[in-house]
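Trainee: Listed here are the chains, written in short residue letters.
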Amino acid sequence: MGRVFFYPRKGAPVTERQAKESEGVLHLTGAQMVCESLVREGTDIMFGLPGGAILPLYQTLPEYPQLRHILVRHEQNAGHAADGYARASGKVGVAVATSGPGATNLVTPLATAMMDSVPIVAITGQVPRAAIGRDAFQETDTTGITLPITKHNYLVMDTADIPQIMSEAFHIARTGRPGPVLIDLPRDVLTESDDFDYPEHVDLPSYKPTMEGHGQMIKRAAQLIADSQRPLLMVGHGAIISGAFAEVREIAEKAQIPVITTLLGIGSFSGEHILSMGMPGMHGQAYNNWAIDRADLIIGVGMRFDDRVTGRLSAFAPNAKVIHIDIDPAEVGKNVRVTVPIVGDAKRVLHALEKQVEQVSRPEWMSEIDAMRAEHPLGSGHGSGLRPQHVVRELCDVTDGRAIVVTGVGQHQMWAAQHYVFKEPGSWITSGGLGTMGFEVPAAMGAAFAQPNRPVWSIAGDGGFQMTMSELATIVEHNVPVKFAILNNNNLGLVRQLQDLFYGGSRVASGYSANPDFVKLAEAYGIWAKHVTDEPQVRSAIEEAAAVDGPAIIDFHVEPEENVYPHVPAGESVFEMIESPAGREALSWLT
Amino acid sequence: MADVSLNGHVHTITALVHDRPGVLARVAGLFSRRGFNISSLAVGHSETAGLSRMTFVVEGGDWVVEQVTKQLYKLIDVVRVTNISSESSVVREMALLKVKSNKDNRAEIMQIVDIFRAGIVDVGKDTVIVEVTGDEGKIDALIKLLQPFGVRETMRTGRIAMTRGGVAAGTKQTAVPAAQSAPDTEVVP
Numbered sequence: 003m004g005r006v007f008f009y010p011r012k013g014a015p016v017t018e019r020q021a022k023e024s025e026g027v028l029h030l031t032g033a034q035m036v037c038e039s040l041v042r043e044g045t046d047i048m049f050g051l052p053g054g055a056i057l058p059l060y061q062t063l064p065e066y067p068q069l070r071h072i073l074v075r076h077e078q079n080a081g082h083a084a085d086g087y088a089r090a091s092g093k094v095g096v097a098v099a100t101s102g103p104g105a106t107n108l109v110t111p112l113a114t115a116m117m118d119s120v121p122i123v124a125i126t127g128q129v130p131r132a133a134i135g136r137d138a139f140q141e142t143d144t145t146g147i148t149l150p151i152t153k154h155n156y157l158v159m160d161t162a163d164i165p166q167i168m169s170e171a172f173h174i175a176r177t178g179r180p181g182p183v184l185i186d187l188p189r190d191v192l193t194e195s196d197d198f199d200y201p202e203h204v205d206l207p208s209y210k211p212t213m214e215g216h217g218q219m220i221k222r223a224a225q226l227i228a229d230s231q232r233p234l235l236m237v238g239h240g241a242i243i244s245g246a247f248a249e250v251r252e253i254a255e256k257a258q259i260p261v262i263t264t265l266l267g268i269g270s271f272s273g274e275h276i277l278s279m280g281m282p283g284m285h286g287q288a289y290n291n292w293a294i295d296r297a298d299l300i301i302g303v304g305m306r307f308d309d310r311v312t313g314r315l316s317a318f319a320p321n322a323k324v325i326h327i328d329i330d331p332a333e334v335g336k337n338v339r340v341t342v343p344i345v346g347d348a349k350r351v352l353h354a355l356e357k358q359v360e361q362v363s364r365p366e367w368m369s370e371i372d373a374m375r376a377e378h379p380l381g382s383g384h385g386s387g388l389r390p391q392h393v394v395r396e397l398c399d400v401t402d403g404r405a406i407v408v409t410g411v412g413q414h415q416m417w418a419a420q421h422y423v424f425k426e427p428g429s430w431i432t433s434g435g436l437g438t439m440g441f442e443v444p445a446a447m448g449a450a451f452a453q454p455n456r457p458v459w460s461i462a463g464d465g466g467f468q469m470t471m472s473e474l475a476t477i478v479e480h481n482v483p484v485k486f487a488i489l490n491n492n493n494l495g496l497v498r499q500l501q502d503l504f505y506g507g508s509r510v511a512s513g514y515s516a517n518p519d520f521v522k523l524a525e526a527y528g529i530w531a532k533h534v535t536d537e538p539q540v541r542s543a544i545e546e547a548a549a550v551d552g553p554a555i556i557d558f559h560v561e562p563e564e565n566v567y568p569h570v571p572a573g574e575s576v577f578e579m580i581e582s583p584a585g586r587e588a589l590s591w592l593t
Numbered sequence: 027m028a029d030v031s032l033n034g035h036v037h038t039i040t041a042l043v044h045d046r047p048g049v050l051a052r053v054a055g056l057f058s059r060r061g062f063n064i065s066s067l068a069v070g071h072s073e074t075a076g077l078s079r080m081t082f083v084v085e086g087g088d089w090v091v092e093q094v095t096k097q098l099y100k101l102i103d104v105v106r107v108t109n110i111s112s113e114s115s116v117v118r119e120m121a122l123l124k125v126k127s128n129k130d131n132r133a134e135i136m137q138i139v140d141i142f143r144a145g146i147v148d149v150g151k152d153t154v155i156v157e158v159t160g161d162e163g164k165i166d167a168l169i170k171l172l173q174p175f176g177v178r179e180t181m182r183t184g185r186i187a188m189t190r191g192g193v194a195a196g197t198k199q200t201a202v203p204a205a206q207s208a209p210d211t212e213v214v215p
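Here the protein sequences line up with chains R and C, keeping their order.
Residue numbers for the first sequence follow my numbering, so the first one is 3 and each next one is one higher.
Residue numbers for the second sequence follow my numbering, so the first one is 27 and each next one is one higher.
Isolated chain C (complex conformation):
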């Protein structure tokens, strides 16, 4: 799998944080006031009650990543920060795409959707909603192919990521890359 985090100075950082009011504002505020360029942010509950896990995609060189990590640690609500860019990891994003469609081209759209192992989750009179999961490259590719039909609305979750094998990201300083884990089957066609 082509991981953009390894080139172009794009880094994937996960943080385990206390699930308290304002924690998102603390993290988001930190990024903006320190001038860090954040291209995506996804938040959700972790496996532990009371803790949430955030995934950031940050642009910048090593200095930026080091500062982001250190500054995040200074927030009292942040438990653990892990830069998983150099780890072997599974990276996913989900998107919902509302595509213009009629009975003449619906089959063609479904064909494209099938190739991407995506699905159609809603069919309207003149639109369909496509649900797709994959890394950013795959989603970008699907959007590009659907563009000629007319993409009326897109909703993307931002990247979530998890290191392969070993221990959960954020419970140890560095996750162990596991060579023996299964290869990623969800590869961009």
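The following block holds chain R by itself, in its conformation from the complex:
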């Protein structure tokens, strides 16, 4: 790598360039174009890690002090941090990596963002154009690898194309159903210069997301709601992305429809509202699954009837007609048969629908739901040790339900989803679709950069935390005030639970016998930390951590045998739902 790159710096004596600039045309290097484009798209922070191919971009960064770069310890964490930043801010997150391994390390965060519809622009370096296809050092087919896990991607082969591609990338990432977009930039494309003319607005004839719902369909939906006796709203991430919080509440209150929020829809409707039901599906509140079974109308809003929500499709909501509102036409009719499809932006469609819905009261349906709630309550733990559910409830209490909560995947995620009652929209950040362990550390960091004035709690599993805890160094470097509540059960808890419930208790490769002492680990980074082993210590530990000016880690030694209930076995229905340890006995045929 002994080559010297040439890239003119701003202010370098390039007479032709100076002449053009005096005419109002910027003549910039590819790297400067990327930075200039980022500034124009409103980017103020990016997460990344440099390497040879992307270095021209990094060496240009000092010219753009308004672009804050956070140097991470692993590119995967750059991607998740951009994801957490995007979800917490509503803006586009930006991640930067070099070619080859830098780019392949972005695969997991890109897939995570794709599944959860999160707007990210990933910028990767590539080997110089002449070297492409020759298996050059750190060469990989980045656009090929990321093709199925990005909303769109670009390999830039001409410096002059950069402004158009950058503006398209941000437009595609943030509009319609959001998603990740990757831009692959060969090193010599970054170093060459050309005129920079940034498009005023983007017009892609082949990409026009439908925003307004079809009038006739909205009318039919209103009629279905009027005719129904037992309707349910099922609200997902789309409602949060479009900011349809007021609209969801208004329509729910006016038409007296109980609101179920999917895993990613949590926070779209206040958990304290009398019509709030919680989560459906595999580990949702049991009464929700019974309510879905009884419902005669399901109104899906910005959600995709995922298999974790529906269980066995043939047994899902057998008595219900379905109104499906989604901005992505491909989701409508993909998994369940839809009576009234409405393609459009959740906020706008609900706003139009609310006007046509009549004010009603449904005392019979409400009392039926109350009875189901009483008969199938959400349990608060069965084990004898420190209950993880108790930790989440105390955390919710201390933070008044107003913290930003970030999780990875597994038991800790489900307990957090079940027991933290969110009062504010857009406060729940979790890897839903892809189910990415380790998401909780870098995504919480990204969220804290986006919302420096709000408390950010990462509820972590001991497994996931160890996957990405290298980011603690970055967190300390910038004194990011992320608080970690590790629900430490020395297990891959949900794997262990599956083994116990469905594999006759054969615990293969799910136990950790040599977890580190997380408090000593924190000391090594200079982070405040504490062990908690008993329930009476929980509250004061959380209060202490919250008061720390900077990051903090609490290692909760929770009961390792605790399971998440209910548990609808994969591919089964509400009738196979296991609601407690005793419920397992009745289902012995399952193993």
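Hints are computed from structural coordinates only; laboratory data are not their basis.
Treat the numbers as computed from the prediction; the structure is a model and nothing was measured.
Hints may contain errors.
[Unchecked claim] Result set (PhoX-like, lysine-lysine): computed pairs, CA atoms no more than 20 Å apart in a straight line: (1) R:Lys221 / R:Lys323; (2) C:Lys96 / C:Lys129; (3) R:Lys210 / C:Lys96; (4) R:Lys221 / R:Lys357; (5) R:Lys336 / C:Lys100; (6) C:Lys129 / R:Lys210; (7) C:Lys96 / R:Lys336; (8) C:Lys151 / C:Lys124; (9) C:Lys96 / C:Lys126; (10) C:Lys96 / C:Lys124; (11) R:Lys210 / R:Lys221; (12) C:Lys100 / C:Lys126.
Starting from the known structure of chain R, fit chain C onto it as the hints suggest.
Mentor: Only chain C this time, still in chain R's reference frame:
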């Protein structure tokens, strides 16, 4: 003309796409990762510079066709998708067939080729190359008849299709079936 697309759950879908590097990989990748069964795919330039037209033959029920169409639309490079299975359309495929032949049976082969309005485009010492255009049924029938001579190599283009009359497929949501257009003369014998 017997259009297989109307029975046996085989559908002809055309897509107008931006002619950019990787667009074929995007489309092909979409089919494989979504588990759609694609039995033929043909690509070529369209009447508009910068746009290509693809013809797919997809197997499956209505759900599959609906998903294929919707998922194709999600690709940024795809401009328009049209399912022309139910439209009155002209469907063609071209094939080159290398058939074993000597001076004794060449006349017999030429006779068969003539009946199919196909042509012989190369004559070698012990082979001929037959060029044939038609729908899949016609080409299958010709191959079957030439099989006894020994078909050494076949090269087929995959189906291309165009709706009759009206506007070009892919410029409007649904092409208009035109009853007044000329009947298809290239019918399987």
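Trainee: Decide, hint by hint, whether the structure agrees.
Mentor: We went through each hint and held it up to the structure:
no.: 1; hint: R:Lys221 / R:Lys323; verdict: holds, 15 Å
no.: 2; hint: C:Lys96 / C:Lys129; verdict: violated, 55 Å
no.: 3; hint: R:Lys210 / C:Lys96; verdict: holds, 13 Å
no.: 4; hint: R:Lys221 / R:Lys357; verdict: holds, 10 Å
no.: 5; hint: R:Lys336 / C:Lys100; verdict: holds, 14 Å
no.: 6; hint: C:Lys129 / R:Lys210; verdict: violated, 62 Å
no.: 7; hint: C:Lys96 / R:Lys336; verdict: holds, 10 Å
no.: 8; hint: C:Lys151 / C:Lys124; verdict: holds, 12 Å
no.: 9; hint: C:Lys96 / C:Lys126; verdict: violated, 46 Å
no.: 10; hint: C:Lys96 / C:Lys124; verdict: violated, 40 Å
no.: 11; hint: R:Lys210 / R:Lys221; verdict: violated, 24 Å
no.: 12; hint: C:Lys100 / C:Lys126; verdict: violated, 47 Å
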